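Chemist: Take full-length UniProt numbering: the last position of the sequence shown gets the number 369, and nothing is skipped along the way.
Since the hints were derived computationally from the structure, they do not count as laboratory data. Just to be clear, a hint being listed does not mean it is correct.
[What the hints assert, rightly or not] Label-pair distances were calculated between CB atoms; the ranges are:
no., residue 1, residue 2, range
1, Tyr84, Ala169, 34 to 44 Å
2, Asn230, Ala169, 21 to 31 Å
3, Pro221, Val347, 42 to 52 Å
4, Gly94, Ser127, 50 to 60 Å
5, Leu271, Gly77, 41 to 51 Å
6, Ala240, Asp317, 42 to 52 Å
7, Gln308, Trp239, 42 to 52 Å
8, Leu300, Lys245, 24 to 34 Å
9, Pro275, Glu194, 42 to 52 Å
10, Ser127, Gln106, 26 to 36 Å
11, Lys245, Ala316, 48 to 58 Å
[What the hints assert, rightly or not] In silico DSSO-like pairs for lysine-lysine, Cα to Cα no more than 27 Å straight-line:
no., residue 1, residue 2
12, Lys361, Lys57
13, Lys181, Lys144
14, Lys79, Lys57
15, Lys184, Lys144
16, Lys57, Lys211
17, Lys124, Lys135
18, Lys265, Lys57
19, Lys57, Lys319
20, Lys245, Lys232
21, Lys265, Lys232
22, Lys184, Lys57
Predicted model only: the values in this text are computed from it and were never measured. Where a beta carbon is used, it is the ideal one built from N, C-alpha and C, also for glycine.
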Amino acid sequence: MHEFFKNRINIYITLGVGCLAILTVFLVHAFFNHKTVSEDIPLVRTIVVGEESDNAKFNYSGEVRGRYESQLAFQVGGKIINRYVNLGSEVNPGDVLMQVDAKDIQQGVNVNSAQVYSAQSQLKLASANLERYGKLYEQGAISKMQYDQYVNASQVAEGSALVASAQYAQGMNQLDYSLLKADKPGVITALSAEVGQVVSAGQVVAVLVQKGDREIEISIPESQIENLRNAKQIEISFWALPSLKLAGSVREISPMADSVTRTYKARISILNISPEIKLGMTANVTISDAKAINEIRIPLNAVYQTDQGACVWLIADGKATLRPVKIAKFGDNSTVVVSSGLHEGEVIATAGVHKLHEGQKVRTGGALQ
1 MHEFFKNRIN IYITLGVGCL AILTVFLVHA FFNHKTVSED IPLVRTIVVG
51 EESDNAKFNY SGEVRGRYES QLAFQVGGKI INRYVNLGSE VNPGDVLMQV
101 DAKDIQQGVN VNSAQVYSAQ SQLKLASANL ERYGKLYEQG AISKMQYDQY
151 VNASQVAEGS ALVASAQYAQ GMNQLDYSLL KADKPGVITA LSAEVGQVVS
201 AGQVVAVLVQ KGDREIEISI PESQIENLRN AKQIEISFWA LPSLKLAGSV
251 REISPMADSV TRTYKARISI LNISPEIKLG MTANVTISDA KAINEIRIPL
301 NAVYQTDQGA CVWLIADGKA TLRPVKIAKF GDNSTVVVSS GLHEGEVIAT
351 AGVHKLHEGQ KVRTGGALQ
């Protein structure tokens, strides 16, 4: 009896192991079969037609600059003995920024002052002689020639006095020029001279950015000059102020390209300037072309050439369908403008278009392998 139950238990164990093995084989087969089916369905990259607005936008990095930037220089040369400002100093009209040694200029002014005194003394004497000898001439005591000599002496003395006065005034101007003063309110953004340095007249020693309008200076390639000039919308954003976006307008475009970069400098005026914007901030200028935005643009690699012409793969319900399109022109940033065959909101494949076929099932989720 004991042997009977033992045999029955062995039979049940054998049957259980067999069933478990069969179930395992079935599950493994189902898993690999599902994986094979999934791997047979290609994964494609897609875009929604009409949502690729970046194709109609161009971005340029720039820097916040002042509308008016004055390069300041002394009108006389000399050794700088004082500097009263630093980078970032705010100044008002009449504020003294720097001073050069004016000892030699002062000596010249002293000489001119003495010459003025001497000339005025000579003029006073000549005027007195003219008056005195004029009376003698009227009495017939002297000749006309003698009288004319005193008239001439008086006129020469008067001219000498005027020359001396002019030289003195010029010397005083030179003395005043030894002080470099701000003529407009603004901020000092550059200094290129220090105390002890000898500078010449006209040598730039500081840059003053006047208060008021602010602009973004950008560099653009020659192919984008017309796009910038005809831009319908310009948006300005700032790296340090991500929440701030302002409108801008083109103020000027340089007529000549930079000799090194071969790009053109352009100035974009900031409309409705914000006090948060500081000079030198990094800015991004986005230029939108209204005409381009209204066009249907797709990536060039989405176009599939067939015997019938240009086509795209339309992706709908997980299947690829070939759709003929008409290419109007080639755009910028490796795009093409489609004049017919596509509508906004449709989904098309943009990668691997040469590996698809009509009606093929595709996947659009996940990452491309």
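Chemist: Of the numbered hints stated previously, which ones are contradicted by the structure, given in increasing order?
Modeler: Hints 1, 2, 3, 4, 9, 11, 12, 13, 14, 15, 16, 19, 22 contradicted; others consistent.
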